[in-house]
Structures are given as C-alpha cells and as structure tokens.
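Engineer: Sequence:
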Amino acid sequence: MLSQLLARLREPIATNDEETKELLPLAAAVLYLEVAWADHDIADAEIDKIRSRLAQQFKLPADQIEKIIDESRAQHDASVGIYRFTRTLNDGWDEPTKFELLVSLWELALIDDDLDAFEEHTIRKIAELLYLSHDRFIEAKIKARRS
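According to our numbering, the residues represented by the sequence shown are 1 to 147, in order.
Think of the hints as simulated: they come from the structure by calculation, not from any bench. Where is the CB? At the ideal position from N, CA and C, for every residue including glycine.
Straight-line C-alpha distance at most 25 Å; calculated DMTMM-like pairs for lysine to aspartate or glutamate:
1) K21 / D91
2) K49 / D94
3) K21 / D94
4) K49 / D113
5) K59 / E107
6) K59 / D94
7) K59 / E100
8) K59 / D44
9) K67 / D77
10) K143 / D44
11) K59 / E46
12) K21 / E100
13) K125 / E139
14) K67 / E22
15) K67 / E100
16) K67 / D39
17) K49 / D70
18) K143 / D48
19) K59 / E71
20) K67 / E46
21) K67 / D17
22) K125 / D94
23) K49 / E120
24) K21 / E128
25) K49 / E95
26) K125 / D39
27) K125 / D48
28) K21 / E95
29) K67 / D48
30) K125 / D70
31) K21 / D48
32) K49 / D114
33) K143 / D113
34) K49 / E128
35) K143 / E46
Here are the computed distance ranges between Cβ atoms for each label pair:
36) E18 / D113: 39 to 47 Å
37) H134 / D48: 28 to 36 Å
38) A117 / I142: 17 to 25 Å
39) A62 / I111: 15 to 23 Å
40) A78 / S133: 26 to 34 Å
Please take these sequences and the hints and turn them into a complete structure.
Structural biologist: So, in structure tokens, the structure goes:
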C-alpha cells in the first residue's frame, strides 16, 4: 500500500480527492521529519510526538503509523525538497487544518526545550508553502509554546 502511495506522490497532481486523502498522512509525516531533522538530531521524544500526532490526526493503527514513518524517512532521505508534500496538503486540507499542522510542527521543534534556528527556518518555509500568513506562523508558535 505504501509503495502505491509513494508512486502517487511522484505523479504530477493527484487526480481526485480520494487519492489526495490517501497521501495526506505520508505528506504530513515527511514534514514532521523535516522539522525533526533540521537540527541534525532526531530524538526519541520527537519520533514519539510524530507517532502520537499521526495517530490523533489520521486515526490510524500503530502498525500503519510505523509503516508511514518508515516510508516518510525514505522519502525524506531521497527528496530534493518539500514542495511536493506541501502541495499534497494544500490540495487536501483547508486553512484551519494546515494551521493545526503548523502548531504541531512548532510543538515538535519545542519538545526538547531548545528551539534551533534551523528548525524555525524550516517551519517558516513550510508555513509559506502551505500559504499560511506570517501572522498565522506567529500565532501557531505562541499556541505551541502555551501547550
């Protein structure tokens, strides 16, 4: 199943809403890994947060989440950019859902109580590619710090 999802991510544009919906967990997981890896150190707490967030948001069983994380690591390692993944999310999500992802990305970056400049830059880049305003970027950061 994941190999089929991967093949679809390589296609220019998802042809229907159902295809886009199937790709959303993988696209989100790649962005989580992008932030987690921004400081060149993925802590166990970060992976646990990614698992938790994917389970909460997509209502997937643990074995499916592990497959998505494994596939997202492969995608992250092989990818030359994140545009393809943000495009998938833009196609499938509304603004409030993208904002909640942004909050989760901030929570992930803040999990070790040390916000790295590369993590912040990565989240800013993702926010821009998700067409979220600077105000929403700051609002998400504040919301994550309060949680």
